[in-house]
Structure formats: C-alpha cells, structure tokens
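Construct all of the structure, not just a fragment, from the sequences and the given hints.
For reference, the chains in residue letters:
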Amino acid sequence: MSSDNENSIKFSSMRRKLLMGMAALPAAPLLSSAGLFSTPAYAQAPATAAVNTTGLAVTDTEVTVGILHSVTGTMAISETGSVQAEKLAIDQINAAGGVLGRKIKYIQEDGASDWPTFAEKAKKLLVNDKVAAVMGCWTSASRKAVLPVFEQYNGMLYYPTFYEGLEQSKNVIYTGQEATQQILAGLDWVQKTKNGKTFYLIGSDYIWPRTSMKIARKHIEGHLKDSSVVGEEYFPLGHTQFNSVINKIKLKKPDVIYAAVVGGSNVAFYKQLKAAGIDLSKQTLLTISVTEDEIDGIGGENFAGAYSCMKYFQSLDNPNNKEFVAAFKKMWGEKTVIGDVTQAAYLGPWLWKLTVEKAGSFDIDKIAAASAGIEFTKAPEGYVKIHPNHHLWSKTRVGQAQPDGQFKVVFETPDLIEPDPFPKGYQ
Amino acid sequence: MTIPAPKSGRTFFLRPQDLIGIIVLAILLLVVLPLALDNFRLQFVGKYLTYAFVALGLVLCWGYAGILSLGQGVFFGLGGYCMAMYLKLEASSVENTKIQSTPGIPDFMDWNQITSLPWFWEPFRSFGFTTLAVVVVPALFALILGYALFKRRVGGVYFAIITQALAAIMTILIVGQQGYTGGINGITDLRSLHGWDIRTDSAKTILYFVCVGLLLGCILLAYYVKSSKLGRILVAMRDKEDRVRFSGYDVSSFKIFVFCLAASLSAIGGAMFTLQVGFMSPSFVGIVPSIEMVIYTAVGGRLSILGAIYGTLLVNWAKTSFSESFPELWLFGLGGLFIAVVLIFPNGLAGLWQSYVAPRLGPLFGGAAKRRAAPPSASPPASGPVAPAAAE
Numbered sequence: 001m002s003s004d005n006e007n008s009i010k011f012s013s014m015r016r017k018l019l020m021g022m023a024a025l026p027a028a029p030l031l032s033s034a035g036l037f038s039t040p041a042y043a044q045a046p047a048t049a050a051v052n053t054t055g056l057a058v059t060d061t062e063v064t065v066g067i068l069h070s071v072t073g074t075m076a077i078s079e080t081g082s083v084q085a086e087k088l089a090i091d092q093i094n095a096a097g098g099v100l101g102r103k104i105k106y107i108q109e110d111g112a113s114d115w116p117t118f119a120e121k122a123k124k125l126l127v128n129d130k131v132a133a134v135m136g137c138w139t140s141a142s143r144k145a146v147l148p149v150f151e152q153y154n155g156m157l158y159y160p161t162f163y164e165g166l167e168q169s170k171n172v173i174y175t176g177q178e179a180t181q182q183i184l185a186g187l188d189w190v191q192k193t194k195n196g197k198t199f200y201l202i203g204s205d206y207i208w209p210r211t212s213m214k215i216a217r218k219h220i221e222g223h224l225k226d227s228s229v230v231g232e233e234y235f236p237l238g239h240t241q242f243n244s245v246i247n248k249i250k251l252k253k254p255d256v257i258y259a260a261v262v263g264g265s266n267v268a269f270y271k272q273l274k275a276a277g278i279d280l281s282k283q284t285l286l287t288i289s290v291t292e293d294e295i296d297g298i299g300g301e302n303f304a305g306a307y308s309c310m311k312y313f314q315s316l317d318n319p320n321n322k323e324f325v326a327a328f329k330k331m332w333g334e335k336t337v338i339g340d341v342t343q344a345a346y347l348g349p350w351l352w353k354l355t356v357e358k359a360g361s362f363d364i365d366k367i368a369a370a371s372a373g374i375e376f377t378k379a380p381e382g383y384v385k386i387h388p389n390h391h392l393w394s395k396t397r398v399g400q401a402q403p404d405g406q407f408k409v410v411f412e413t414p415d416l417i418e419p420d421p422f423p424k425g426y427q
Numbered sequence: 001m002t003i004p005a006p007k008s009g010r011t012f013f014l015r016p017q018d019l020i021g022i023i024v025l026a027i028l029l030l031v032v033l034p035l036a037l038d039n040f041r042l043q044f045v046g047k048y049l050t051y052a053f054v055a056l057g058l059v060l061c062w063g064y065a066g067i068l069s070l071g072q073g074v075f076f077g078l079g080g081y082c083m084a085m086y087l088k089l090e091a092s093s094v095e096n097t098k099i100q101s102t103p104g105i106p107d108f109m110d111w112n113q114i115t116s117l118p119w120f121w122e123p124f125r126s127f128g129f130t131t132l133a134v135v136v137v138p139a140l141f142a143l144i145l146g147y148a149l150f151k152r153r154v155g156g157v158y159f160a161i162i163t164q165a166l167a168a169i170m171t172i173l174i175v176g177q178q179g180y181t182g183g184i185n186g187i188t189d190l191r192s193l194h195g196w197d198i199r200t201d202s203a204k205t206i207l208y209f210v211c212v213g214l215l216l217g218c219i220l221l222a223y224y225v226k227s228s229k230l231g232r233i234l235v236a237m238r239d240k241e242d243r244v245r246f247s248g249y250d251v252s253s254f255k256i257f258v259f260c261l262a263a264s265l266s267a268i269g270g271a272m273f274t275l276q277v278g279f280m281s282p283s284f285v286g287i288v289p290s291i292e293m294v295i296y297t298a299v300g301g302r303l304s305i306l307g308a309i310y311g312t313l314l315v316n317w318a319k320t321s322f323s324e325s326f327p328e329l330w331l332f333g334l335g336g337l338f339i340a341v342v343l344i345f346p347n348g349l350a351g352l353w354q355s356y357v358a359p360r361l362g363p364l365f366g367g368a369a370k371r372r373a374a375p376p377s378a379s380p381p382a383s384g385p386v387a388p389a390a391a392e
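For the protein sequence lines, the chains are G and F, in the order given. Be aware that the first sequence starts at 1, since it is given in the working numbering, and climbs by one per residue. Be aware that the second sequence starts at 1, since it is given in the working numbering, and climbs by one per residue.
Keep in mind that the hints are not guaranteed to be accurate.
Partial list, computed: chain F residues near chain G (C-beta under 8 angstroms) [claimed, not checked]: (1) Gln178; (2) Gly183; (3) Asn316.
In silico DSS-like cross-links for lysine-lysine, where the CA-CA straight-line distance does not exceed 30 angstroms [what the hints assert, rightly or not]: (4) G:Lys105 with F:Lys319; (5) G:Lys330 with G:Lys385; (6) F:Lys204 with G:Lys218; (7) F:Lys319 with G:Lys130; (8) G:Lys130 with F:Lys240; (9) F:Lys240 with G:Lys170; (10) F:Lys229 with G:Lys170; (11) F:Lys98 with G:Lys170; (12) G:Lys366 with F:Lys151; (13) G:Lys385 with F:Lys47; (14) F:Lys98 with G:Lys214.
Derived Cβ-Cβ restraints for the label pairs, each shown as a range [what the hints assert, rightly or not]: (15) F:Ile99 with G:Tyr383: 25 to 35 angstroms; (16) G:Thr198 with F:Gly335: 30 to 40 angstroms; (17) F:Pro103 with G:Thr74: 31 to 41 angstroms; (18) F:Gly333 with G:Thr198: 50 to 60 angstroms; (19) G:Gly333 with F:Tyr356: 30 to 40 angstroms; (20) F:Ser202 with G:Asp60: 33 to 43 angstroms; (21) G:Lys252 with F:Pro123: 36 to 46 angstroms; (22) G:Asn243 with F:Pro123: 51 to 61 angstroms; (23) G:Lys329 with F:Arg125: 51 to 61 angstroms; (24) G:Glu221 with F:Arg125: 32 to 42 angstroms; (25) G:Lys329 with F:Ile99: 42 to 52 angstroms; (26) G:Pro388 with F:Leu143: 18 to 28 angstroms; (27) F:Gly335 with G:Lys252: 39 to 49 angstroms.
Since the hints were derived computationally from the structure, they do not count as laboratory data. No residue lacks a Cβ here, since even glycine has one placed at the ideal position from N, Cα and C.
Structure, rendered in structure tokens:
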C-alpha cells in the first residue's frame, strides 16, 4: 500500500481549508511577485479556472477522485481486486504525467457491502470532497443506490462490473459488459461447438441473474435452432444447499448447464456438483459468473473443465495484458489473481483520463459529452471504445477452466460487440 | 414544536428533570446542530434520528416491559416500504417511464416482466392511505404476532428468537418477491412527495425539522406512557410477571399493547428514513440492522428514553466518522466501542450520567429546585447533553 498517498488523503480536506485560509491573508503582498516565484512543475498545464468551472476538487497541481468499494463485509472479497486495479491505474497515470498536467489524488471510502452506506459515501464524495470522478460500486444494488445521488449532484461514476443492462445514464460509464454482450455470443458458441440443444438455467435470486436468464431463454428459444430450456431455478444469495437441483439436473440430463450463481454460493454449488458425480469435463457447464477470483474460493480442481464466458481472462495472450499482469503482481503480490471485473476497474481511471484530455476540461457535463468515441488501445483486454450509450464496445471470450485456477481461452468473437443495454426482442 | 407547560409539578406526567432533558434535546436538535453543521452533515443526523424512533420503541418494549425484540427492523422496514411504495408510484408516471415495455409501473416491475400494477400497490397512490398505513400496518402485524405469542405466554428468550426469525423471513420474502418489492435492490430512485421534490437541499432541511418534531412528539408520548398507570404495570410485569397476573391483570394484553406501540414508533422512523434518504431496501429489515438497533438502545441505556436517542446519535456518528477516516479498520473501532459499553458502562450513557454526573448536579440544582419548589425551566443545566432520570 502506498503509505504516502494514504496519509495525504487523510488530511487532505483539512489541509485544503488551511491552505485556503493561509492564502487569504498574505495574498496581496505576494501577488506582485507571484510571477517570479511560481515555477510550475507542469509548464503545459492549462489554468485551473479554465478546466474546472464547476468547483470540483482540482488545483493547479492536483485533481482528486474517489474510490468507492466495499473493503469490509461480504462483498470485500470481490471488490478488493477492483480497488487494487484502480490504484494501480492511478499510479501509472501519475507516473506518466497525470491528467491535464495534474497529479491524481484519491479519497477512498468503504461501502461496507451495504447499499445505503454506498449512497451515503457517494454523497460525501460528491458534496463534501467535490471529487472529479468516482471509480466504484460492484453489485447492481449498490449501483442502483448511488445512481440517484450521481444524477442529482452531477457526478461521474466509472462502474466496472458486468451487469444486467436496462440502464443508461449521463453520469455513469459502464466499463463492464451489459448482459447481451456477455450472453449471446457464448450461447451461440456452445450450441455450435458442443451441440447444445437442451439448457438448464440456474442462478442466484436477484436482478442480474434473473435478467440474464431472461435474455438467455429468449435467445435459446427464439434464435437457436431446435434448442429448449428444460429447467430454470433461482436460489437466495448465500444459499448453500444445491442437492435438489443437482438431482433434477441428473434426471433431465441437459446438454448444457447455464449458471449465474454468485458469491459464496458458488463454492457450495461446484463442490456439490462434483460430489454428486457430475464431471465437468464431460457435462458441459457454461457460466457467466465465475472469474479467476471466484475460482480462488471454489478451488481449481472443483471447477476444472467448466466454461466461463466474459470479456477478459488473466491468461489472455497479448502485450498489453502481459504488461498489466506483471505490473499488478508487482504492486499487489505474486499470489493475486485478476478477474474480469478487476480488469474492467483498471479501465476506469484510464478512460476518465483520456476523456478529460479530449474534453480539455474536468467539468462533468463536458466529459459526459466527450465520452462517446473515446478509444483506449492499451487495455489489457485489447482495444476498447466508449459507445454513445456510455457502455464499452468489447469482445466476448469463452475460457475453459484449468486445474490451476486459470482459464484457457477457447473462443473469441472476431469483432467488438456493440453494447445494447435495452435489447429489442429480449425484454 | 411546542412543549406544553406544566400546570403543577405533581399531576403533570413529566418530572422537572425530564422536562429539562427534553428541552435540552430540543435545543440541541433544533438550534445547535442546524447552526453547527453544514447541510450535508445535518442530513446524516436526520438519518440517524430515524433510528432513534426504533430505539425509543425499544426502551418502552425492552427497557420497561422486558420484551426483547430482535426484529424491530421488520417494523422499520414496513413503515419505510409503505412510504417508498407511495413515492415510487409518484415517480413512475407514464411519461417518466416511457422507455419501459409497460409504462406507468415501477421500473423494477418492468424488469421482472410484470405488466400491470399488483392490487396491493393500488391503494398506495393515496397519500392519506399511505400515512395511515405507515402506522397501522406495522401495528396490525405486531398485533397478530403479539396475540399469537403472548396469549400463549411465549416470552423472554423464545420471543427474541422468534422475532429474529421473523426478521430473516421478512428479508427472504422481500428478496424473493422482487417483482413486487424490488428485491435486494430495494425501491430506489424516489423523487417527490405530492409534487414536492424531496431531493433538494431545502427539502432535506425541512424533512429534518419534521423528523425532529415527530421525534419530540414521540418522546412526549413515551414519557406519558411511562408515567401512566400502564407504565407502572409494565415495569411490574417485567420484574414479577406472575404477581401482576395474580393481581388480576391481563398481562398479555399489556404486552401486546406495548409491542404494537414500539412497532408503530419504528415504522414512523422507517417512513421518515425513506423520505430523507430516498430509498428503502431489505438491508434495513434483516437480522443485522435489527440487532444494531438494539445496540443503539443498549449504548444509550435501555431504561432511559432520552439516553436511547443520544445512544443512537453517538453510535451512528461513530460509524460514519470511523469509516471515513479508516476505511479498512473502522469495524474494529466500532467493535471496541461496543465492548466498552458492555464492560465499562453496562447501563449505557444514561447509567454513566446517573452514577457520575447526576449525583454531583443533584445538590446543585435538583435538590434546590425541590426545596424551593422553583419552576423547572428557571434552572437550565450549564452545558452538555443531559440524560434523563437524574437523581431523585
């Protein structure tokens, strides 16, 4: 952990007030000599008044952003990776000269896996700290809780998780995939290569799995030839008894188990599948919710052979990703794994930097307008581009889990897939 | 908010020191905090105060009547959801929701393939019905539960466990029926009350004062109950239930009454919470928040009406400020605070007040007031929060 940074944040607001107070007193005598004494480190930096017309926390040398994830509570295990990726990106941007000649400083807040706390902290970051952007949130519930806050106080949120779609906001950039991007290509692939005709849908019971399964069902029944859904079941978050559904699976013998089980339930689900004698190297299982982070908990041997469908795997073989993985491990330790959302979180600060520089301003309205068309060629997942609907164009990949907890990429869409948060015919 | 002036020291339901305590609290909430805090922090205090309604109910129910409910979050949630349903319907006008497949219904229903408004949502279009429902629905719920349990003489720890189970059931029900309740996301994006935008800073300030006004009203009600014959029966029941029963009182009816009262108080808090925070979710209904609410009461002192209010404010303030300063360590700090409460001051803040501060203040002004029979308002305390029930 960069302790310098931490310290500077703790005292930042107080220091800001002190500085303002101090500046007020001796301002007059200094004014005449200001030209002589000011030796700007970033000579090319445009004047603060010009790039910040709405009173954000931007000084001549610094700009403050917020990081808002759960570092305590049940979601901490998933969100920690995002925090690490965002800090890495901020460090790298600072090392490369910052944003519009200003160093990025961050204020980190804990959402504590509690949606109202997310709303409270979002408000604090926007109203009190006046941060120029917030990288944060993970679950749909936390995003839904903060969304009205961001719209009311006109903030900018970079949201990293793959999610259910059905949303589009001027104040959010969605750096993960929306449901159709993640689901359709994977289903097409599994039908073609695995000859999947019958599907059994299993998910946790909340908005993301439900919406995803709705889209999957419409695609299977409407667009795939001779395919059908033979079962669809949902379980409460944190559920750990999957024996009854496993028995039903054994009875129905679906070609494909299609799973969107999240969090701790994953561990129970895959262990019980294995204990029930379902061998994932013979039974095709395609999931949209298991990244390298989850395998850490499930255990590579319990999940080996299954397929995961998302846009990023740590094992992607391209120069950007190799650089990213090396930098990430250098900063956070050899043992860390990088999942899909972690990579998407890494995109947030970079996309924001590129957008600010294109807009030539930190103003929220200007970066919201400038976001469409922003391209990031150094993304670990490859090239990405922001669509006018504030989602990313991205490729979809299918990876097969290996016993060591990594994925072997077995399929990749040839082109970037257009994000479509309100898919016609799938609602 | 005006506090009725006492007619005479004896027949009036407030003792002089109680009245002083209430006045000090009123000054703190209505004058000191609004002046000392910026709008942003004041809104937090407004949010904390909504939990104080629950703590108030717990003082009556747990402190005086000895019924420990670990499911007060259920009633907080019921009140909050009633209000949220009204606000959500208002926010889901046809023009606001025209991108949905079925315009005019709340957005989460549309995501869950529901195409018409469920029947039990319909009455919540009326503000009058909603206000009534906020108080009546939880009370009715508590009545059914209380009737089923207290008439069968289920009490003590068994009652606590059942209420806790209830909190869990309620959460699972809300999460599972997401088409009707918004599921784990809750009911979000609430905008206006009768056309009045509740998201603006001025609206939040007004809601803060409404909340404080309601809270002071509820505090007076609690004092009234406490000092009435009913209140004394409750205490007697807590200490020696059989004796009260053998004296001819129907113990269960008293228990049901105080449980319903606590439920309604919690629900008012829940409704104010929804109005001020702008959403309601199952995370306020479950076991953890319900127990947290008991902790607020314990920190403040479960025998003290005003102590519970201060306890709620203190714990929530600590929670917010610890978590801002030490995002990765704050839970330890909060845990330390709770351990300290149990080990060092088991009767909470009010206990500290009674054993350390009040005895020193007693001869100064409590005794003097008695001797000279001076009107209580003539000798306001010098400073600091005043916990109630100062020494006799």
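Q: Against the earlier hints, flag every one the structure doesn't satisfy and list their numbers going up.
A: 3, 6, 8, 9, 10, 12, 13, 16, 19, 22, 26
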